[in-house]
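As they're listed, the protein sequences go chains A and B. Be aware that the first sequence starts at 1, since it is given in my numbering, and climbs by one per residue. Be aware that the second sequence starts at 1, since it is given in my numbering, and climbs by one per residue.
Rather than coming from a laboratory, the hints here were simulated on the basis of the structure. Possibly wrong hints are sitting among the right ones.
Heads up, simulated BS3-like pairs for lysine-lysine below, C-alpha to C-alpha not over 27 Å straight-line [what the hints assert, rightly or not]:
(1) B/Lys-112 to B/Lys-691
(2) A/Lys-164 to B/Lys-30
(3) B/Lys-433 to A/Lys-474
(4) A/Lys-32 to B/Lys-30
(5) B/Lys-388 to A/Lys-344
(6) B/Lys-433 to A/Lys-196
(7) B/Lys-388 to B/Lys-721
(8) B/Lys-610 to B/Lys-691
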Amino acid sequence: MIQFLLNRELRSEQTLDPNTTVLQYLREHRGKTGTKEGCASGDCGACTVVVGELVGDRLRYRTLNSCLTFVCALHGKQLITVEDLKHQGQLHSVQQAMVDCHGSQCGFCTPGFVMSLFALQKNRGDGVQTYDPHQTHEALAGNLCRCTGYRPILEAAEQACCAKQPDQFDAREAGTIAQLQRIAPRETAELSDGEKRSLSPLTVADLAELYAANPQARLLAGGTDLALEVTQFHRELPVMIHVGQITEMKQVQITDRHIEIGAAAPLTDCYAALAAEYPDFGDLLQRFASLQIRNQGTLGGNIGNASPIGDAPPLLIALGAEVVLRKGDVSRTLPLEDYFLDYKVTARQPGEFIEQIIVPRATPDRLFRAYKVSKRLDDDISAVCAAFDLKITDGMIADARVAFGGMAAIPKRAAACEATLNGAPWNQQTVEAACEALAEDFTPLTDLRASREYRLLVAQNLLRKCFLEQHAPKTETRVTAYV
Amino acid sequence: MSNHVTTRTQEEIAALFTEDLITGVGKSVKHDSAPKHVSGEAVYVDDRLEFPNQLHIYARMSDRAHARIARIDTAPCYEVPGVAIAITAQDVPGQLDIGAVLPGDPLLADGKVEYIGQPVIAVAADSLETARKAAMAAIIEYEDLEPVLDVVDALHKKHFVLDSHTHKRGDSATALASAPRRLQGSLHIGGQEHFYLETQVSSVMPTEDGGMIVYTSTQNPTEVQKLVAEVLGVSMNKIVIDMRRMGGGFGGKETQAAGPACMCAVIAHLTGRPTKMRLPRMEDMTMTGKRHPFYVEYDVGFDDDGLLHGIEIDLAGNCGYSPDLSGSIVDRAMFHSDNAYYLGDATINGHRCKTNLASNTAYRGFGGPQGMVAIEEIMDAVARELGKDPLEVRKRNYYGKTERNVTHYYQTVEHNMLEEMTAELEASSEYAKRREEISAFNAANPILKKGLALTPVKFGISFTASFLNQGGALVHVYTDGSIHLNHGGTEMGQGLNTKVAQVVAEVFQVDIERIQITATNTDKVPNTSPTAASSGTDLNGKAAQNAAQTIKQRLVEFAARKWQIFEEDIEFKNGQVRLRDQYISFDELIQQAYFGQVSLSSTGFYRTPKIYYDRSQARGRPFYYFAYGAACSEVIVDTLTGEYKMLRSDILHDVGASLNPAIDIGQVEGGFVQGLGWLTMEELVWNDKGKLMTNGPASYKIPAVADMPLDLRVKLVENRKNPEDTVFHSKAVGEPPFMLGISVWCAIKDAVASLADYRAQPQIDAPATPERVLWGVEQMRKLKQAASKPAATQTTPA
């Protein structure tokens, strides 16, 4: 059984099909049609809802795409939808701001925007006087509007943030916290309609045991990729083991030499540690899908699904990150570059799962740069993703780690390029030779995102850019710096 | 009946009478549905309470671009529990073809398929997922035929859906031959997915007498009514279409909404059960038509000042497999291949190429944008050839006011505002100063380059098919003074209902709160034109004004009789009525009129005056008037990756006397961003089998919040009423601003051209994806290198 709050109402669901998404649950099971389906693939944001959960003894509100969230992920949480914002016949301040600023035209994307704005407002610190448009951009990058061109919505965001007033959710906070504490998961939850089932263990040990016993099960973390198998490819997932309730696997810890990231930590929670250590990693994470996706999607999932175009793996490989794999009681640690074997094939054994990702901390002698190139700057899949981690001593390249996404069937190091760089002086001539070598390393594909020729030239140009940024740091090189 | 009207003293009413309406014409009234949009209470077709026993329909699409259907076996569909019926073309009781203007679009494929995505069978079941699963279980066997997938290939083979057509003025061949300078070139212009957030959807309930009530998301209720009647083989009066709102249309629901509606009706007819068909996004993008991609070839003759002497342009629209609206769409591309410019002796050929793709259809601008992109490319090319600022060349070629003011289709361009508007925008955007700043920036920055462009828009308003320029409305005033408003237009987010309500409010001098806007419904206002061609307000606003004025005139005549005063002594203002020297409220007058047995309901009608067009001669006045605009955009381009960012856009746009400035600005901004999306990141990619690969928002990227210019300054032209007698002298605003986005495309090319000192035009087809931009960069770098080589190297014999 899973239990959650549908705004204030306690719902206990036992026999739901676990392949049901929150969007389907709302529209088809509960008749709440305010939340819209625009794409059922997590790319348009029309289905955005807010989920409240306990973090310690506080409530935290985050947006997510209800079309990509299976109902089991609601277990122990509060689901807030657009219908819940109006209170005693009055529009909520974010709704009123959208009306005042003419922020809706056809209105179909509007509920999603309203929920993103609601979470933006909620996450604004109390007593904050200044308004940060950058945060608004981040909050809204996953909501598409085809009518307005966004200007009035940005205006509404500013009004909503600056006019933040205590609302009914604040008034009820203590009660909501108490309700959530009462339904806090205490044991592995199961949801089953008799045919399909989902299991939500609470500890790594339980996960290990369950997965060993059900090696055919699909691991569900954020579900932002797995759910597509149901909503886009119309497959059934008979058994899912949901790792999102395992607190141990959601930790991000910084030790003297490493950042240790639990495989089930949402990308949003990885941001601070990675951005502080590697600013380019932070920049990339801000363009990694959308906030809704980052609130759900995990680093473990981004590695686990073994996509050739996942954005984190090239960076992690360049940084020499390792994955901790576990099966039953047995753990092993593997360099991430050895994890990816072939297109969608990994070193993960049946019943084995990713427990942790270990990222070395930055050292002053290393230069790290990462770049993402895509058709659209925000929420787009990379044509090329490049990462360079170079140890430069006295103008010589002592150690080069160069990795790319989008250039091969797996995220991959550029061996010939690295060989050219290693031991060579860090100068234009070396860079040009290393660019030549990239053509040996990769034979990229032509697809809907880019041609092979473009991919190769861009890969080479990104190395040139990396060199230029280090040699002529005052030269402007990034259009993304214009915000 | 009882009389509960609040009584006010004469002084109180007189005081109210002196005040203006808060929500009349010209006020920034909020979209009438806004509070419902933001609370999730606005009901779209898929949100309606489902009927008991309702069936969900899924259409299985062809996976071949061109094939004969050898065999269909639907028996396996019935093995899936929950399936009610599986149908093929043979099961359609009436006419199979649902082509909008011309035949060519079978509801279900009949013997052959002509594109990947064409519906072949339809299955109805108790859920959409069950229907889909069952549909995929059917056995369909094909014998492949050779497809035509490339527009240039189709053009060369003269593989057309309709005959080619020519606009001709003077002798372009001679003008070209004698012009001091001459340039030839070609350009591909990409199509565009509408990406309305709400996909195509219809829900149908069978009624008695073999009729149907159809709830559908369509811009064209009357056409859906006609086609539903035809596929069922019943008369139109059996069918009712109800359309409250669309979650976006943009032209994509002008003809393309009919398919799901007809499919629902056929299955409702066959099963006697209510039906619903909603296309999942991937099916919607695969099955339905888009903006036409175009291939353009041009030959232009000009002098050293950049003045055009003659021009020949071939515009080849990629129509997909059937005519749909391509006749008018390519015509409109031809009509707009002058944009704002006097072309000299001109020959404009329009071709309608047939390819094995979804049938391309109406999309905001209706071909106009493609014609305008062509001429703007030519303006840039001429400027680069002469080493002039493109803006100088553009201004040089603007239509004159008294001479050089006749288009290549012989319509005189009247009331041309572009010279003044360009001057104003040049000043307000500080074009000259920023041009210098950009030169300095580009000289100092090796990697990032900035570009700037100011481009005009002149867009003809009226349906190209003249008979469509008519509108209807129905207004009731109830005895409590509340007003029911219905008209033939459809609300897709553009604020049409709000504007029309403002018009009625203004006529009656009452506030909009008392006007109930209702769903567009074919049994209230019949024989409507589609809400398209930017015409919604012009036609339906005028019709509603006409209906309201009819009732108002009856009220005036009644009051004059009852109170024994002259009609001129009766005045309506702010909910009150002055009867010579006494005042009563509007409500009171209505009550009295009811007791006086006055009809308080009226239809209204309007047809656009002055327009005519003889297509056989390619001459006439197809447009009642022109709407004008201009945009100045600045971008920054990364010459290592081709990525770019929009930095600033200044827009000045002409809406005549605005009915609602906030809604008009919303259309201007939204149109502009949609236009820049079309020309930058929105790329449709098909594979070599003709399958659309960009079939969802993961692969097809429309502008997101970060893609709007960092600094966007939009202004409406002030104090310029439409000189024509349009509704309160406003101008249409739906489509014209879309083409302001061309400024961004030109600015990107400007940034790239800087790499070769602005002396060559980079070949950057639309959309200017980062990849195309980078190839443009490479082209410029090679030219620059070639130019900087010593002369000796250049003259080395080959």
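Going through the earlier hints one by one, which of them does the structure break, listed in rising order? 5, 6, 7, 8
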